[in-house]
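Chains as they are written, first to last, in the numbering used here: chain U, 9 to 555; chain F, 20 to 375.
Treat the hints with caution; some may be incorrect.
[What the hints assert, rightly or not] From chain U, some residues computed to sit far from chain F (all C-beta separations above 10 Å):
1) A19
2) P57
3) T164
4) A477
5) R493
[Stated by the list, open to error] Restricting the straight-line Cα-Cα distance to at most 25 Å, the calculated cross-link-like pairs of lysine-lysine (PhoX-like) are:
6) K149(F) <-> K521(U)
7) K521(U) <-> K93(F)
8) K119(F) <-> K93(F)
9) K267(F) <-> K120(F)
10) K103(F) <-> K521(U)
11) K264(F) <-> K553(U)
12) K149(F) <-> K93(F)
13) K55(U) <-> K447(U)
14) K521(U) <-> K120(F)
15) K93(F) <-> K103(F)
If you are wondering where the hints come from, they were derived from the structure by calculation, not from laboratory data. Built from N, CA and C at the ideal position, the CB exists for glycine as well.
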Amino acid sequence: MPQPTDAELIATWASQPAPLLPLLHAFHDRDGYLSDDAIRAVAKGLKMPAADLFGTVTFYHHFARTPGGLDQPRVCDGPVCRMRGYDGLHAALTDASPMPCAGRCDGPIPVLTGHTVRVGTSAGALQEVPTPLPPAYPGKGSECVFASIREPDRATLDGYRRTGGYVALETVRADASGVLGTLEQSGLAGRGGAGFPTARKWRAVAEADARGGHKTIVCNADEGEPGCFKDRALMDHDPHALVEGMTIAALVTGASVGFIYLRYEYPQTVPILQKAIDDAKNAGLLEGFDLMIRRGAGAYVCGEETSLLNSLEGKHPFPRNRPPYPVTHGYDDRPTVVNNVETLCAVAPILRNGAQWYRDLGLGEHAGTKVISLSGDVTRPGNYEVPIGLPLMELVDDWAGGPLPGRTVQAATMAGLSGGFVAGDDLSITLDEPALRAKGSFLGAGGIMVFDDSRDMVDVSHQAMSFFAHESCGKCFPCRIGTQRLAERLGGQGPSALPVWNQEVLDIGSAMKATSACGLGTAAPLITDSLLRYFPERVQQHVEKNR
Amino acid sequence: MTDTPTFELDGEAVPFTPGETIYEVSQRHQANIPTLCYDDRLEPFGGCRLCVVEVEGYRNPVASCTTVAMAGMKVRTATAQVEKHRKTLVELLTSENPHKKIDPLRGAASQELVTLQRRYGATGERFAGKTSGTSREDDPNPFILRDYDQCISCYRCVRVCAEQESDYAISVMNRGFSTQITTEFDNLLEDSDCTFCGQCVQTCPTGALADRKALRAESLPEPLEATRSVCPYCGVGCSVDLMSKGDKLVAIRPARDGGANEGALCVKGQFAFDFVQHDDRLAYPMVRERGELRRASWDEALDRAAEGLAAASRDHGRHSVYAVASGRAPHESTYTLQKLIRAGFGTNYIDNCSRA
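Build out the structure end to end from the sequences listed, making use of the hints.
Quick look at the structure:
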C-alpha cells in the first residue's frame, strides 16, 4: 500500500476538531519519527508558526526526532518496575530508553515499541498480555464501577447491554431533568484526584453560555500518575461505560463534542474505545454527540486539566491561569466538562441504582467508592474498588494478601506519588480524604504503591522526585527549579551538614507548596515531607555518608 | 451612580476598575511587589510566582499578576511568609545560573534579577546544583548575544516576539529544568523568522539576551547616560533613549513611554546607529573638483547642485530628473521635495524609499 503523502495527511486532519496531535501522530507513524520536514509541513498545513510547533513537539517525550525512533524500545522505569528489574531489562535491550511509569504496575515490566506494549522481566521473554481484570471482589459491600466489569463480553455492546448498559442513557435522553439532583445527592466527586463535586461541575457547564461555539465533554484518560492503572482496566474491559457516561454528560450539559484524551502508553486501548464508540454510534445511541479519541504523546502534566486542554488545542501544554475555569472557558475557550474515566464510568450505575445506593457504598459518613490501583510489595497487586473509609491495611492484608512472605510493610505511597507516603503508625489510616489530609497526604487518583522493609525509602524518594523533575513543565519557577534541587539532594548532592540539608529541603518544599502554579509543583514536596517525617535517621545517614 | 469598588491593600482601602488585577492596582500604591516574568505590555503569565500575595480566606497565596481584584478582598503583599517564599525563589534562581557581572549595557531590563538578588540577599550559596540553559556561543549575528547560561525561563522574550511583534521567531524547547529558548529547529537567529528588532533583548530581566553592539562599550569608564530623542529613521517618530558614555553614543533603547512606539522599535532604530559617529560620515558640504572632493561652503555646494540639476533638465528634458524622498524625512521635508520636483522641474518622477 503506498504511503500517504504529506498533503493527504494534512487534508485528512486539518478540518477535524483538535487536529494537531492526530496529525503529528500520522506523520510519526508514517515516517517512524518526526522529521524537520514533517514539522514544517504540519506547521504550514495548520497555519502555525514553525518555531512554536518545533518547541511543542520537543515537549512530548514520546515523539521520536531521529529516524527509526518510533520503534526503539521504551522501558518503564517507574517505582514498581525498578523493583522488578528495570535496570537489567533496560541494559539487555538494544537502543532502549527509559519511559516514566506506563501504568502496568499490576504485571511485569512494560516495554513500548512502536504501538505495541509487551511485558516481561527478561529481554527474551517479552509478550503481549491483555490488561488484567480486577481480582474477584474481596469486600463485604458492593462495587460501583467494577460491579459488572467481570461479566463475559462486557466490552461489546451486547455484553454491556446485558447488565443494564445504556438504560440510564435512554432514560436521560427522554428526560434529563433529574440527573444533576441525583448526582448531587450521591456525593459523586472527581475520581481523578481533585475531588470536585461532579454535579456542580456539570451544572456550571449546563448553565454557561457557549458564546456562539459549542460545549465539550473531555474525558481525562491521560493516566500518567505513577502507580495508577485503574483507568486502563475500565477502558479496556468496560469501554461502553465510559461512552455512556460521556454521552449522558453531553445530554445534561448541552455539549455536542467529546474527546477522550488517552495517554500514549495505552495503544491497545485505542481500538477497544474506537469500536465501542462506533458500535454505540451505529446503534443510534450517540445522536447529537460527536465523540473522538485523541492520543497524548508523553507528558505527565497533560493530566492536569488545563494543560490537557492546551494540548488538545495544539498549544504548548503549559497549565493555564485560573480563573477562568474550564466550565466557562475550556476547550476552544468554551464551556467544557473535564472528568476522569472513573468519574464518568460511575454515572450510569448511580443513575440506575439511585443516589442513596451510591452514598451507602461508603463506610460510615463517607459516600461511595474509589478504585485503588494497588501495587508494589503485595501478594496480589491489582485494581480494587474500595468503600471510601476502608482502612489501608485491610486493603493490603485482607484484600491483597499482605506483604510478601517474611516481609513487613514499611511504607505506602498515596495518590500514586503525588500524596507522598505514609509509614509507621500512620499505616493504620483509613482511605478517605479527611483522614489522609490530616496526615498531609491525599487519596488523589488512587494509586498506592507498597514498599516492604527491604526497600530504601531515600532511594524511592529520589526516584519519585526525579520523576517530578522530568515531568515539570517549566512554566513556573518553584516547580521547575525546586523539583530539580530536591532530586539532586535526594540523589546524594547538596549540603553535607544535616541541619543545612534539612533547611534547604524544607524551604524549597514550602515555597513549592505555597507558590507553584499547578498540582504538580504543590504535590511533589509531599515526598520529601514524608521522608523527613517518617525516616529522619535514614535521611541523616544519607546526608552524612557524603561527607 | 454606583460607587467605585474597593479592596483592602495592606490595610488601606483602594479603588479599582473591574477587571484590573491585584498587581495592576498595587502599582498605583506603595506596594512593592517583586516580579520577573511581568511586562505590562504582555498578557499576564504567572510563571515567576514572585508576585504572590496573601488574600484573606484563600488557602494558598495567589499570583497578583493573574488574579483579578474583587470588591472586599483583603490583600497583604509582604507578610513574613510571602517574603520568605520570595527569598527562596530568588535564591533558587540565583543557583541556576553561573555568577557573573551583568553589565547594564546588556539591555533596558537587564538589572531586574540583580536588583532582586540584592533585595533578598541571594548570593548563590544556597541551593547550589546543576545550572540550566546553554548559551549559543555559535550564533555569530552582530546584534543579539544569546547568553542563555543567564536565562531564568520567564519567556518574556518568546512572548514579546509573539504578542507584540507577531514574529513568532523564538519558542520554548523541552520541559522543566531542560527548558531552553530556541528558534525553529534550534537554528541560528539569522536562519529563523527573527527580524532583529531587539524587543527580546530589551525585555530580558537577566541580560541573558544582550545588546551585542552596546557591549562593545563595556570597557569605557564613563557612566551610562540616557538622552531622550526621536528615532530619525522613518516618519513613525518612535521615542528612543540615546545611551551614551561620555561623548560616545553606545546604544539605542526604545522608550517605554514613547507615545508612538510604547517600547517598540525596529532593527534599524535599535541597532543601526554606527553612522552617527563614524569616520566616514560627512560633517560639512563637499564638492568635486577634477575628480577630487574638497570642502565647500553651503552656498557653493547648493549652487553647484542647482546648476547640475537645471542643466540636466535643460539638456535632456524635464523627465531626466527623478527624486527619491528618504523615509527618514518628516512630512514637511517630503512635501517640499515633491513641490520642488513637480512645480520646479515639471515632472511627476518622485518616489519614496519606503515604497519598496
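| request: Below or equal to 25 Å on CA atoms is what counts here, so check K149(F) against K521(U). | output: holds, 22 Å
| Beyond 10 Å from each Cβ of chain F, as asserted for P57(U) | Label violated. Min Cβ-Cβ 3 Å, cutoff 10 Å.
| Agreement of K103(F) and K521(U) with the hint, judged by alpha carbon distance not exceeding 25 Å | holds, 13 Å
| request: Assess, step by step, whether the Cα of K119(F) is no farther than 25 Å from the Cα of K93(F), and give holds or violated. | output: violated, 40 Å
| request: Decide if the proposed pair is consistent with the structure: K264(F) and K553(U), CA atoms, cutoff 25 Å inclusive. | output: violated, 54 Å
| message | Please verify whether K55(U) and K447(U) have alpha carbons no more than 25 Å apart. | response | violated, 50 Å
| query | Does the alpha-carbon distance linking K149(F) and K93(F) stay inside the 25 Å limit? | reply | It is violated: about 40 Å lies between the C-alpha atoms, which goes past 25 Å.
| message | According to the definition I'm using, a residue is off the interface if its beta carbon is farther than 10 Å from all beta carbons of the partner; does T164(U) meet that for chain F? | response | holds, 40 Å
| Straight-line Cα separation of K93(F) and K103(F) no greater than 25 Å? | At roughly 20 Å apart (the allowed maximum being 25 Å), K103(F) and K93(F) satisfy the hint.
| Has the given pair, K267(F) with K120(F), been kept, meaning a C-alpha gap of at most 25 Å? | holds, 22 Å
| message | With the threshold set at 25 Å, check whether the alpha-carbon distance from K521(U) to K120(F) stays at or below it. | response | violated, 32 Å
| In terms of Cβ atoms, is chain F entirely out of 10 Å range of A19(U)? | holds, 24 Å
In terms of the numbered hints stated before, the structure departs from hints 2, 4, 5, 8, 11, 12, 13 and 14, listed from lowest to highest.
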